[in-house]
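Using the sequences and the accompanying hints, generate a full structural model.
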Amino acid sequence: MAVALTTLVEEADRYLGSAKIADYCPNGLQVEGRPQVMRIVSGVTASQALLDAAVEAQADLVLVHHGYFWKGENPCITGMKQRRLKTLLKHDISLLAYHLPLDLHPEVGNNVQLARQLDITVEGPLDPSNPKIVGLIGSLAEPLSPRDFARRVQEVMGREPLLIEGSEMIRRVGWCTGGGQGYIDHGIAAGVDLFLSGEASEQTFHSARENDISFIAAGHHATERYGVQALGDYLARRFALEHLFIDCPNPI
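Letter by letter, the sequence shown follows residues 278 to 529 of my numbering.
Some hints here could point you the wrong way.
Derived lysine to aspartate or glutamate pairs resembling EDC-like cross-links, with alpha carbons at most 16 Å apart [unchecked claim]: (1) LYS409 to GLU333; (2) LYS363 to ASP329; (3) LYS358 to ASP329; (4) LYS348 to ASP300; (5) LYS363 to ASP300; (6) LYS297 to GLU287; (7) LYS367 to GLU287; (8) LYS367 to ASP404; (9) LYS409 to ASP300; (10) LYS367 to ASP329.
Label-pair ranges, simulated between beta-carbon atoms [unchecked claim]: (11) GLU350 to GLN313: 28 to 34 Å; (12) ASP462 to THR283: 38 to 44 Å; (13) GLU445 to ALA279: 54 to 60 Å; (14) VAL332 to ASN407: 40 to 46 Å.
Hints listed in this document are in silico derivations from the structure and should not be mistaken for laboratory results.
Cβ atoms here follow ideal geometry from the backbone N, Cα and C, with glycine treated the same way.
Spelled out as structure tokens, the structure:
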């Protein structure tokens, strides 16, 4: 079956509530392709590797978390940006991208989906007083040592995470996928035993050590693979479409 591109985009915008969320990039349809969609290819980032794979898979639409046209970037269509856009336009493929709306969503969001992967029970937002803070607080069914929890993360992510050991046992967890390491202080204020994000900064080490909590950096790309898959599955079910998630490995 096929669905009109406009219909699919309207449903994705509505489902994610993207119009209500201020962001660093445009959310929704970033590049318009053919008017009918039968096959969706999803991935974390609209890299050249993903676009080439989407062409090979004969996709009508590429769905990503990291799209284009970020605030502050050079607006000129040259070099890497020209090659990416040329690929989409040459093959008449649409690009649909959602950044913060896909981090925040309570069903298909990156943070909720990561919790399901790691068997964390979501208790609420990282900072209930500030809705702009992206991240969640949750708990484990049974306490684990930092190393045992890190092993769980490694098994799920398929890569060894960076672990800074602090608390003896992990019960409460705070997390924010991707580049959310700056929210560690919100996790400390909330009383977590461990904070998890995709990346780490130099000061993250000191925040964890001096506040006696554990910290895990599991990879920006790795922690954000699950939201876009869940959204692609939702749209595929909603409109009886084909959906293929393509993981282009990224060690960062």
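Quick rundown of the hints versus the structure:
Annotation: proposed proximity of LYS409 to GLU333 is violated, straight-line Cα distance about 39 Å (limit 16 Å). The hinted pair formed by LYS363 and ASP329 meets the criterion: a straight-line CA distance of about 11 Å does not exceed 16 Å. Pair hint LYS358 plus ASP329 holds up; C-alpha atoms about 14 Å apart against a cutoff of 16 Å. Taken as a hint, the LYS348 and ASP300 pair is honoured in the structure, with Cα atoms around 9 Å apart against an allowance of 16 Å.
About 25 Å separates the Cα atoms of LYS363 and ASP300, which puts this hinted pair outside 16 Å; it is violated. The straight-line distance between the Cα atoms of LYS297 and GLU287 is roughly 14 Å, inside the 16 Å bound, and the hint therefore holds. For a cut-off of 16 Å, the pair hint linking LYS367 to GLU287 is broken: about 24 Å separates their Cα positions. Between LYS367 and ASP404, the direct Cα distance comes to roughly 45 Å. Violation of the 16 Å bound is thereby established for this hinted pair.
Distance check on the hinted pair: LYS409 and ASP300 sit about 10 Å apart at the alpha-carbon level, within 16 Å; holds. Proposed proximity of LYS367 and ASP329 is supported: the alpha carbons are some 12 Å apart, at most 16 Å. GLU350 and GLN313 have their C-beta atoms about 31 Å apart, which keeps the hinted 28 to 34 Å range intact. As the Cβ distance of ASP462 to THR283 is approximately 43 Å, the hint placing it in 38 to 44 Å holds.
Between GLU445 and ALA279 the C-beta distance comes to about 56 Å, which sits within the given range of 54 to 60 Å. For the pair VAL332 and ASN407, the supplied restraint of 40 to 46 Å holds, since their beta-carbon distance comes to about 42 Å.
Of the numbered hints listed earlier, those contradicted by the structure are 1, 5, 7 and 8.
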